[in-house]
Amino acid sequence: MTATTTTLTPTQTQTLLLKLTVLADDEIILAHRGGEWTGHAPILEEDIALANIAQDELGHAGLYLTLAQSLGGSDPDRVAFWRGPDDYLNARLVELPKGDWALTMLRQFLYDTYEALWLEAATRSTYAPLAEVAAKAVREEKFHLQHTALWAERLALGTSESTRRIQTALDELWPYAAQLFQPIDGEAELTGVGILPDLSAVHARWHDLVTRHLHDKCGLILPANAEAGAGRDTHTEHLAPLLLEMQSVARDYPDAQDW
Amino acid sequence: MTQPHPQPNPQHHDTQWPRWEVFKQDAPGRPHQAVGTVHAGDPQHALLTARNVFVRRPAAVSLWAVREDDLLTATPEELTLNPAVLNTPGEGGTYHVGVKRTNKRSMTFVDLSGTVQATSPGDALRQAQVMHPDVLAWMVFPESAVIRTDDDPGTVDSWFAPAKDKTYKQQSSYGVIGRHVGELKRSGLMPRQVNEEPHVGDHKVYDHPHDTGKVKP
Chain U
17 MTATTTTLTP
27 TQTQTLLLKL
37 TVLADDEIIL
47 AHRGGEWTGH
57 APILEEDIAL
67 ANIAQDELGH
77 AGLYLTLAQS
87 LGGSDPDRVA
97 FWRGPDDYLN
107 ARLVELPKGD
117 WALTMLRQFL
127 YDTYEALWLE
137 AATRSTYAPL
147 AEVAAKAVRE
157 EKFHLQHTAL
167 WAERLALGTS
177 ESTRRIQTAL
187 DELWPYAAQL
197 FQPIDGEAEL
207 TGVGILPDLS
217 AVHARWHDLV
227 TRHLHDKCGL
237 ILPANAEAGA
247 GRDTHTEHLA
257 PLLLEMQSVA
267 RDYPDAQDW
Chain E
28 MTQPHPQPNP
38 QHHDTQWPRW
48 EVFKQDAPGR
58 PHQAVGTVHA
68 GDPQHALLTA
78 RNVFVRRPAA
88 VSLWAVREDD
98 LLTATPEELT
108 LNPAVLNTPG
118 EGGTYHVGVK
128 RTNKRSMTFV
138 DLSGTVQATS
148 PGDALRQAQV
158 MHPDVLAWMV
168 FPESAVIRTD
178 DDPGTVDSWF
188 APAKDKTYKQ
198 QSSYGVIGRH
208 VGELKRSGLM
218 PRQVNEEPHV
228 GDHKVYDHPH
238 DTGKVKP
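So the sequence lines, in the order shown, correspond to chains U and E.
Here the working numbering is used: the first residue of the first sequence is 17, the next is one more, and so on.
Here the working numbering is used: the first residue of the second sequence is 28, the next is one more, and so on.
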């Protein structure tokens with residue numbers, strides 16, 4: 017590893033803490049949507065596979081929030097289960113309802129491509145603890161990507177119905193994906209000193225990879241590029257009911273010591 | 028269920044994807060072992076689902092998948108009843124031989140013991156029977172039918188390495204309702220465990236990568 021631990025200024029610490037929360041929130045919400053398929057996926061094998069993927073994403077959230085805690089953040093369980101929709105900072109892409117299998121697989125593919133590229137760049141962070149987290153998580157993300165890329169291809173090149181479904185999913189999700197590449201306030205400073213990956217570079221690589229797979233290989237039509245839209249504090253109506261369900265056990269048993 | 032014995036419908040097609048036997052190698056130099064099956068639409072899909080189903084937790088370094096149609100299996104009883112299975116025709120070439128030696132095992136069912144040159148699946152089965160006369164079952168399949176995970180560092184890193192860092196709760200760390208199974212066994216109310224090989228829960232001890240402990244998934 018060439019990364020060295022950079023000493024963070026107070027401002028950098030606050031920005032990094034916020035960024036880690038943003039990263040974790042995307043993972044937590046997407047993991048919940050993935051988990052909603054448990055017992056409902058088309059076949060048992062895919063049920064298990066998607067639950068695995070969801071659990072991995074939740075594990076990545078745990079890594080981010082544990083690192084955030086070391087920078088002064090709250091206990092990861094408090095962060096996950098005791099913030100409401102006004103405080104969650106996930107991208108709107110991941111909170112949309114799970115839809116059909118095509119939408120679920122395509123969303124996961126778009127997200128996995130982004131996450132694999134971001135993590136791969138983050139392994140070169142000058143902030144060693146982040147580089148370590150990224151090195152750990154990127155391995156799983158590369159596997160997820162193989163799985164979801166395979167599904168995108170099989171659906172796109174399958175029957176006329178599967179092609180229609182995945183094209184519909186792409187048309188719906190594409191505008192939402194742009195938000196993943198919207199930097200948070202102060203992120204440019206951390207990118208400048210090599211602590212965080214350059215999101216615009218990640219975006220360019222993402223666009224290239226996604227185009228090669230979905231368009232060149234799978235024959236899907238990519239919609240026009242969209243603006244990121246409102247910030248991460250703005251959500252659709254779908255987030256609140258998701259959190260209500262996801263947080264219900266933790267809130268019903270606030271004193272639970274063991275799970 | 029209103030019909031206890033539904034009549035087979037000749038119009039009904041099996042909508043299941045093909046079944047693939049999955050073989051897992053725990054460590055370099057160890058034999059691949061049959062661990063179960065997956066349904067999958069194609070070879071690559073079979074390997075991906077096999078990885079999720081069979082190697083998320085235990086250590087592994089390689090997976091094979093073989094389509095059900097490419098396997099030939101037999102027990103000694105089946106050979107006695109139907110010796111013609113030794114004449115099963117097919118391609119000649121290199122065949123893998125697997126044997127099942129014991130019923131006292133969970134998680135793995137057949138160990139691959141090596142390869143033979145055979146003129147057909149039936150011939151491979153005949154050779155397996157000669158080499159391993161005292162086993163519970165034989166399995167043969169052609170080398171050409173094997174789908175393998177790559178052994179490049181990238182695949183090993185993303186398919187198999189993460190499992191080594193994963194931890195989980197052993198069954199025994201959960202509370203039980205009623206009387207614990209061990210208590211029932213000690214008082215003679217339940218048969219003794221048939222798992223006589225070294226196991227911790229369902230995992231053979233030698234491939235169990237983690238200490239028993241209280242850990243989160």
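One or more of the hints may lead you astray.
Claimed, not checked - Coverage of chain E stretches by chain U, computed from C-beta distances (three or more under 8 angstroms per stretch; other residues unrestricted):
| no. | segment |
| --- | --- |
| 1 | 70 to 83 |
| 2 | 105 to 116 |
| 3 | 180 to 188 |
In short, the hints are calculated from the structure, not lab data.
Note that beta-carbon positions come from the ideal geometry of N, C-alpha and C, so glycine has one too.
Outcome of the hint check:
A count of 8 residues in the segment 70 to 83 of chain E with a Cβ less than 8 angstroms from any Cβ of chain U is obtained; the coverage claim is therefore met, three being the minimum. Counting residues of the segment 105 to 116 of chain E whose beta carbon lies closer than 8 angstroms to any beta carbon of chain U gives 0, which falls short of the minimum of three for the stated coverage. Residue count for the segment 180 to 188 of chain E with a Cβ under 8 angstroms from a Cβ of chain U: 5. That meets the three needed, and the coverage hint holds.
Checked against the numbered hints given earlier, the structure breaks only hint 2 and satisfies all the rest.
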